[in-house]
Each structure stands twice: as structure tokens, then as C-alpha cells.
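Number of protein chains: 2
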Amino acid sequence: MGNTKEAIGMSSSVEWRIQVDDGSKEILVPESKNGFQRFLAALKGLIVNFTLKICNFFKKAWKIGVDDPRKVAHCLRVGVALCVVSLFYYMRPLYEGVGGNAIWAVMTVVVVFEYTVGATLYKSLNRICATGLAGFLAIGIHWVASQSGTKIEPFILGASVFLLASAATFSKFIPVVKARFDYGVTIFILTFSLVSVSGYRVEKLIDMAHQRLATIIIGTALCMVVAMVVYPIWAGEELHFLIIRNMDKVSDSLDCCVAVYFKADEANPNSDEACSKNLEAYKSALNSKGSEDAMANFARWEPAHGLFSFNHPWKQYLKVSSALRNCAYCIEALNSCLYAENKSPDFVKSHLADTCSIVSSNSCDIIKELALTIKTMTRSSTIDMSVIKLNDSVQLLHENLKSLSTLLIPEEGPQNTTDENEHKEPVLTVSLIEVIPLVSFASLLIDIAGRVEGLVQAVEGLAKLADFKPAAEEKPGLKSVN
Amino acid sequence: MGNTKEAIGMSSSVEWRIQVDDGSKEILVPESKNGFQRFLAALKGLIVNFTLKICNFFKKAWKIGVDDPRKVAHCLRVGVALCVVSLFYYMRPLYEGVGGNAIWAVMTVVVVFEYTVGATLYKSLNRICATGLAGFLAIGIHWVASQSGTKIEPFILGASVFLLASAATFSKFIPVVKARFDYGVTIFILTFSLVSVSGYRVEKLIDMAHQRLATIIIGTALCMVVAMVVYPIWAGEELHFLIIRNMDKVSDSLDCCVAVYFKADEANPNSDEACSKNLEAYKSALNSKGSEDAMANFARWEPAHGLFSFNHPWKQYLKVSSALRNCAYCIEALNSCLYAENKSPDFVKSHLADTCSIVSSNSCDIIKELALTIKTMTRSSTIDMSVIKLNDSVQLLHENLKSLSTLLIPEEGPQNTTDENEHKEPVLTVSLIEVIPLVSFASLLIDIAGRVEGLVQAVEGLAKLADFKPAAEEKPGLKSVN
Chain A
548 MGNTKEAIGM
558 SSSVEWRIQV
568 DDGSKEILVP
578 ESKNGFQRFL
588 AALKGLIVNF
598 TLKICNFFKK
608 AWKIGVDDPR
618 KVAHCLRVGV
628 ALCVVSLFYY
638 MRPLYEGVGG
648 NAIWAVMTVV
658 VVFEYTVGAT
668 LYKSLNRICA
678 TGLAGFLAIG
688 IHWVASQSGT
698 KIEPFILGAS
708 VFLLASAATF
718 SKFIPVVKAR
728 FDYGVTIFIL
738 TFSLVSVSGY
748 RVEKLIDMAH
758 QRLATIIIGT
768 ALCMVVAMVV
778 YPIWAGEELH
788 FLIIRNMDKV
798 SDSLDCCVAV
808 YFKADEANPN
818 SDEACSKNLE
828 AYKSALNSKG
838 SEDAMANFAR
848 WEPAHGLFSF
858 NHPWKQYLKV
868 SSALRNCAYC
878 IEALNSCLYA
888 ENKSPDFVKS
898 HLADTCSIVS
908 SNSCDIIKEL
918 ALTIKTMTRS
928 STIDMSVIKL
938 NDSVQLLHEN
948 LKSLSTLLIP
958 EEGPQNTTDE
968 NEHKEPVLTV
978 SLIEVIPLVS
988 FASLLIDIAG
998 RVEGLVQAVE
1008 GLAKLADFKP
1018 AAEEKPGLKS
1028 VN
Chain L
548 MGNTKEAIGM
558 SSSVEWRIQV
568 DDGSKEILVP
578 ESKNGFQRFL
588 AALKGLIVNF
598 TLKICNFFKK
608 AWKIGVDDPR
618 KVAHCLRVGV
628 ALCVVSLFYY
638 MRPLYEGVGG
648 NAIWAVMTVV
658 VVFEYTVGAT
668 LYKSLNRICA
678 TGLAGFLAIG
688 IHWVASQSGT
698 KIEPFILGAS
708 VFLLASAATF
718 SKFIPVVKAR
728 FDYGVTIFIL
738 TFSLVSVSGY
748 RVEKLIDMAH
758 QRLATIIIGT
768 ALCMVVAMVV
778 YPIWAGEELH
788 FLIIRNMDKV
798 SDSLDCCVAV
808 YFKADEANPN
818 SDEACSKNLE
828 AYKSALNSKG
838 SEDAMANFAR
848 WEPAHGLFSF
858 NHPWKQYLKV
868 SSALRNCAYC
878 IEALNSCLYA
888 ENKSPDFVKS
898 HLADTCSIVS
908 SNSCDIIKEL
918 ALTIKTMTRS
928 STIDMSVIKL
938 NDSVQLLHEN
948 LKSLSTLLIP
958 EEGPQNTTDE
968 NEHKEPVLTV
978 SLIEVIPLVS
988 FASLLIDIAG
998 RVEGLVQAVE
1008 GLAKLADFKP
1018 AAEEKPGLKS
1028 VN
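In the order they appear, the protein sequences are chains A and L.
Each residue of the first sequence is one higher than the one before, starting from 548 at the first, in the working numbering.
Each residue of the second sequence is one higher than the one before, starting from 548 at the first, in the working numbering.
None of these hints come from the bench; they were simulated from the model.
Each hint should be verified, as a subset may be incorrect.
It does not matter which identical chain is meant; a pair holds if it fits inside one copy or across any two.
To be verified - Below, computed lysine-lysine pairings styled on DSS-like, alpha-carbon distance capped at 25 Å:
1. Lys-719 with Lys-600
2. Lys-949 with Lys-618
3. Lys-606 with Lys-824
4. Lys-830 with Lys-862
5. Lys-600 with Lys-862
6. Lys-698 with Lys-824
7. Lys-719 with Lys-618
8. Lys-591 with Lys-824
9. Lys-949 with Lys-1011
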């Protein structure tokens, strides 16, 4: 049939007339499908689509599990804790149906068990204290109300619920309360309302409150023990290593950024896969403020563990990370020099390449050294020398910036500027504008070096507060580094 | 007694001998207190301290309430909702004691009622769906288990709790699930475990599930109605105005930073109270990522309200705020120029003062215009002109940077640099190093101008997606601006 065209799937009534090889005309009738077939096709498409989506979802989930097996471990822990608390009640039928107090232990486990030990402790202690306090208060008010006659009783109870719930809700807006007792306040309102709504007599209430508190303590105790014993994940440790990782990333980014800048135009900054990844690595430091704050909040609830004492200065970690972010802001500005329209020519760049690289590598060394200081919790014996080295290299960069003027080509030409009364010296136009991108790059590097010193101070503050071990060289043979 | 010194409060046995005016020596005996007096003093100190702290706490709380009366309104709403749900059960005693299903309505109100409508809806819908789904599944498994004999039953139930709780906990680590269904997953585990732990027969379970779901629906419905009707606080609106406020702050900071830089040294950057506040204002944009993400997540649950439709592109707001943060990073670097050690002398600065001010004021105008565009949800008719104006001023700044070379003073002297083979022109040392701080300041300004254009694109994307009204000038008389 030669080059006949087909119009399969056309459902309109238009006829297609197409010239075929033998010169005759042929009428192509569109293939018609009945409703059922179309429905089947659509259904098939839907199912395939859905299956693909589900597959993708599971692939993603699998990747999350493989990347961090501790997450899988946490899920198993939750399952185990729930089974234990259920079995506990299967074997000792203390209750009649779901109405009994048994459910409070199960509820507690589900609600209180969190990923990190700190979060679990925070919720557990908040839950116990808030339940106790609210129960105590509610029973008191209940007793007062019951003494004042059946007519006034509902008003007293209603007013107390209204006032306490409003006040407690408001307290959540106060930053200190929000950070430490947010969950406790919710549980306080919950318990207080439940007791107030209940129509029990006070004697029965005390019995019930006692049982309720006991089951909640059983639930929280189970959670706390499982969280701390079975494959524990400490919020403090997470914060510790997150900041160390971020320091390494910032240092890698800085190193890579300077390397790419001076590797010059023949290589596209994005060409090298690993380098392009490193270039963006500092963003991790910029974006982790929220999780760092949360972890520092949880870490304060944790008992001594590993290298950390109970009163480890977690707040100072936040200062370190803030100083690190300060460096990262500047690296962001430095990074955009790589993509700027105006670039200095290579021969100009080569003039500062070495000194810039030295400043950047000195800065990187310091950041890595600080990261190691935090990691080993041992003061560095060489950090002072490194800072002096950095300052020297910054000084050298200053000198080299001065000597850049030897590169400027004097040029004679009409002056188009507004200040005609200025010096009538030979005008140096072409080269200054070519030098400017390099000069601002170098200035940013100097700025970063200053911010690195801020980081040194923050880490020194941490070393003082957390009582880091003295440097190995200072007391040789006395202590071994863990 | 002239310059006699006192040693009150010393409780050690050391005697202080002090030379007084008349040349004689005097022995100061430390003031002795008996145990009870000391205890009283300590107690008094404690009480005063405690009272002061409490007073401070209440002052802070009062300030929070005065600064944002909506927070107070929210607390009253919670109180009202709780009273209503309690009264509902006071008047219709549907239950016997706390064990009845009544408590689920009260619990739901306490747990589900959040500050914004979006958060309340998110929790409400998650709670209803998760309870329904988990109840349905648990009853099914319960039925299967009950059919398979009393010996196997506990194993089937235990295994199902373990598997489902683990899987559900794991799903929380998947970002999409975490963002949209975190609360639902918790409630799913909770309901499933509770039903599995309960020893009821299936028929009774269905009855109970029906009542439970009904009370939860009553509680959530009450919350949703109160949240949306009584003084509603919409997460979307909050996000909308937060980003507008941040844009204004970034613009103020930029403006102020350039003004302070060129006002020169006679004025300390920190002298002017208002200006110093504005200088730091951009930090608000840097630090609000977390709350913006949360609000965008909640906003997607909200129905159409005010200017916003149901499918308002909240994600694009995050892109706008990310573009704004990009500007803020550079302003951070710009800000540190104010505090740099090396500064350009005033006569050099004056050379670029005008053009820099023009670039900054053009950038500020654009940011403010974009803020107004978002605020009124009306495309700006002048934004294209403003961008052209900004580009022109950046071009002018480039030209002025070039003409800076007229300022450089030629100097003859020995060359101490390493490249002896370079041009042997007169060396221009002194001035170049003085010009460098100004040049890097100007370069950063140019970088900021580029980032402002990125912001323009992000807002244009928002205008397209959210279908902003066309500019008033384009269709005169057709539409009136709200």
C-alpha cells in the first residue's frame, strides 16, 4: 500500500482522503471503539499509572531505609514497645474492655515514643507531670464545686475549664514555655477537662486518678527504657554530628569554590559532578537551623551519655552553628562570583590565584580543625598557630591586592566623568574594570577569613563550657585521645 | 570615719585591718548572724527573687498579648470550644462516667484545635480519616483472628499490631507523608492498637467504633466551625503577609545599609537607633524558612477565603521567599562592609555615592513594588520599567567604577612584587588599596541587583499561577483595585 497514512483512533466524522501510489483515492474510515473498550483502556492506564506510583513510593521508602538503617530500627522499636504493652494487658486482664484504664498505657506508648531519646524523655516527663498536676488541681476544684451545691457546681466547673484552658493555651505563645513544655500544656488541658467533664464523686475520682497516673507511668517508663536501651538515638549526639558534618561541608564548598574560580573558564563550573555537589554543600548549613534548634531543645532532657554530661552546653552548639552560617552566607556571595557576567581575564586572576588559594586553604584547614576539635572533644594545640597563619595569608593577600596596580595599563583619553576638577592624571580605564571582579572575590575571601575567626571563638567558648580535654601536646603522655 | 572600708557579710575568720584617717588601725569584725537569721535572709532573698521572676514572666506574657491580640482571641476560642463541648455532655448525659465515648469529643477538641484554620483542618481531617481507616482495618483483622481459634488469635493480633505500627512509623520518615499526614499516621497507630488490645467481640466493636467515630466527628466539626467562624486566623493569609513584611524588611535593610555606608565615618553605624534596627531587619527573612514551610503546608488544607482560592499556589510563595532569602544573604555580606577594618576614604566614596544610592533605591523600589503586587494581588504596570531603570543604573555604576581609575594616584617606587617581568609603568599603590573596599561594596550591590531580578521572576511566576488581576493602567476603567 506504499505510503498510505493511517488515522487510527480518530473518532470524529471527518474522512481523510489520501493520494496513494497508484493514483486512485482511498477513503480512510476512522477506527471506532465502543464505550466498554474505551473504559477498559482508561482503566488499564489508571492501573498502570497507579502501580508505577506505588512502585516509586516503595523505591523511595526503600532508599530512605537503606540510607539510614537507624530509621528502620526505630520503627521496629515502636512495634516492639507496642506489642510489649499490649501483651502486658493480654496476660493480666486488669480491665473490662477499652473503657478500662489499660488504654492509657497503650495511648501513652503511641504518643510518647519519638525518634530521639531526648524527644521521648521530653514528652514522657511532660506527660507525667502535666497529668499529675492537672489531676490534682481538677480534683481540688471538683471538691470545692461539689461543696457549693448542685446549682452553682456546673458554673464553677465550666468557669474553671474556660479560664484554665485559655490561660494554658496562652502560655504556649511564650517562647520558653513553647520550647520546653508545649506538650505538657496540651496534656494539662486534656486531663483537666476530662476530669471536670466526668460526673464522678471525688472519692472515686481519686481512685481513678491514681490508676490513670499509674498506667501512664508504666507506659512512659516502658518508652524511656526502650528508647535508652534498645539502639538509642540521642538528640545531643545527632546535633553534635550534624554540626560537624555541616562544618566539613562548608569547608568543602569554600575549597571547591576557590578552586573552580581559579581553574578559569576552560572548565565549566558545573562540568565536574563531584565539585558541583560540593559547591552547593554549604546550603545544608543554611537550611538546618530549624532541626538544630529542635535537637538542642530535646538534648537538654537527656541524661549523661557517651562523651556528653547531663549539663552539656547544648546552647553553645547553636552559637557555633550560627557562626558557621555566618560563613556560609558569605560563601553564597562568593559562589555567585562564579556565575557573574563580568570576569577578570585569566592573566589577572593568576596574579592572586596563589594567595587566594592559600587564604582559602588556611580557612578550610581551620574549619576542619575546629570540626575535629568538636568531634574528639579535645582542644587543638595548633589552632592558634593556624589563626596566625590565616592572618598572615590575609595580610599577604592585602599586599598582593596592592601590587595589582602594577597590572593596570595607563590609557590616555577624554574623561567622561562628572568630577572634572579631580586629578588630570592618565586615565586607567580598561584594566580597572577587568580587575574589579577579582578584587571583590578577594575581598569576600578576606571577609570569610574574619568570619572563620568568629567561628574559632564560638568553638573556644564551647571548649571552655564543655570542658574539652587539653591538647595532646600540652600534657604529653598524660591522656590518650579516645 | 573618712575612707573606712566595710567588710559586711564576710563570714570567714580573717580580720581586716584598715588604715583610717587619724593614722590608727581598726579591726573590722565580720558581722555575725545566727543560723535562723541567715535562713530568714536567704528565704527572703529567694521569695523576692521568685516574685521578681514571676512578675517578669507576666510582663512578658502581657507584652505578647498586647503585641498580637489575635493570640488572646485564640485562647478565648479554645476556652469557648471546650466549654461548649463539655456543656453538650452536661446537658445530654449520654455516657456513664469517663469511660464512655464522651471523652473522645473533649479529647478531640483539646488536641485538634490549633492557632490557624489550616492546622486545625489538617489535624481534624487526618484524625477522622485515620480513625475510620484504622478502625475498619482493625475490626477486619479482629474478625479474621476470632475465626482462627483462641490459640492463634493473640499471635495474629500481636503480629498485626507489630507490622502495622512499624510500617506506619516508617512512613513518617517519607517527606510527603511527614508533611501531610504525620498526625494521621499517629492516630492510625493509636486507633489500631486500641481496638486490637480491646477484648470485645466483633459485633460490639462495630457498635463502639460507630459511636467513637461519631463523637470524634462532633469534636472536629465543632473545632472546624469555631476556627473558621470565630475570628479566623488563616495560615495562608499569615504566609502571604509574612512574606510581604519580610520583603519590606529586606528593602529597608538594603536602603539603610547603603545610606549608612555613604554617610561616612562621622556617624557611627550604630548611633541611630531606628537605622540600627533596620540594618538587622533582613535577618527576619533569613530565619523564617521553618515557619514559612509549615504555613504553606497548612495553607493547602484551607478552603477559599478572602482573596485566596482553594488551589492558591502556596508552593510558589516558598519560591518567592527563597528568592528573597537569596537577596538577604548578599545584604548580610554588604552589611559586614560597614564594620570592615579597611575603609575607603570619604572623597573616594563620594565618587560612587550617588550611583550606588541610585542602584540601591531602584532595587528597594522594585522589592517594595513586588510586595505591593503580592499585597494587592494586582500585576504592576511599572515593574518592567523599574527593571529597565535598575539595569540602567547598574550600567551607570559600571561606568562609574571604570572612571574610578582617574582617582588612582601614580606613584614611583621600588616594586616588591614577584612578577618583575610585568609592565614597568609607574606603580599605583596607595590608592588602589583604598579603593578596594568601595569596589567590593559596589560589586555586592550589583550582585544584589541581579538577585532582585530573580525575585521579580519568582513574583511573576506567582502572578501567573495565582492569576493576579492585570495592572490598572492596561485596562483603564475596567477594573477597580480592591
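Up to 25 Å CA-CA - Lys-618 versus Lys-949, copy category = neither (55 Å within a copy, 58 Å between copies)
inquiry  = My question is about Lys-606 and Lys-824: at a cut-off of 25 Å on alpha-carbon distance, are they close within one copy, between copies, both, or neither?
reply    = within (23 Å within a copy, 49 Å between copies)
message = Reference check for the pair Lys-719 and Lys-618, CA-CA at most 25 Å: within, between, both, or neither?
response = between (30 Å within a copy, 10 Å between copies)
ask   = Taking 25 Å as the upper bound on the Cα-Cα distance, should Lys-600 and Lys-862 be classified as within, between, both, or neither?
value = Cα proximity of Lys-600 and Lys-862: across copies only (21 Å, versus 43 Å in one copy).
key: Up to 25 Å CA-CA - Lys-600 versus Lys-719, copy category   = between (40 Å within a copy, 18 Å between copies)
ask   = Quick one: Lys-698 to Lys-824, C-alpha cut-off 25 Å, is that within a copy, between copies, both, or neither?
value = Classified as neither; 72 Å inside a copy, 57 Å across copies.
inquiry  = Treating 25 Å as the Cα threshold, decide for Lys-830 and Lys-862: within, between, both or neither.
reply    = both (22 Å within a copy, 20 Å between copies)
message = My question is about Lys-949 and Lys-1011: at a cut-off of 25 Å on alpha-carbon distance, are they close within one copy, between copies, both, or neither?
response = For Lys-949 and Lys-1011, the Cα distance exceeds 25 Å both inside one copy (39 Å) and across copies (50 Å).
ask   = Using 25 Å as the alpha-carbon threshold, which applies to Lys-591 and Lys-824: within, between, both, or neither?
value = For Lys-591 and Lys-824, the Cα distance exceeds 25 Å both inside one copy (40 Å) and across copies (62 Å).
The structure shown violates the earlier hints numbered 2, 6, 8 and 9.
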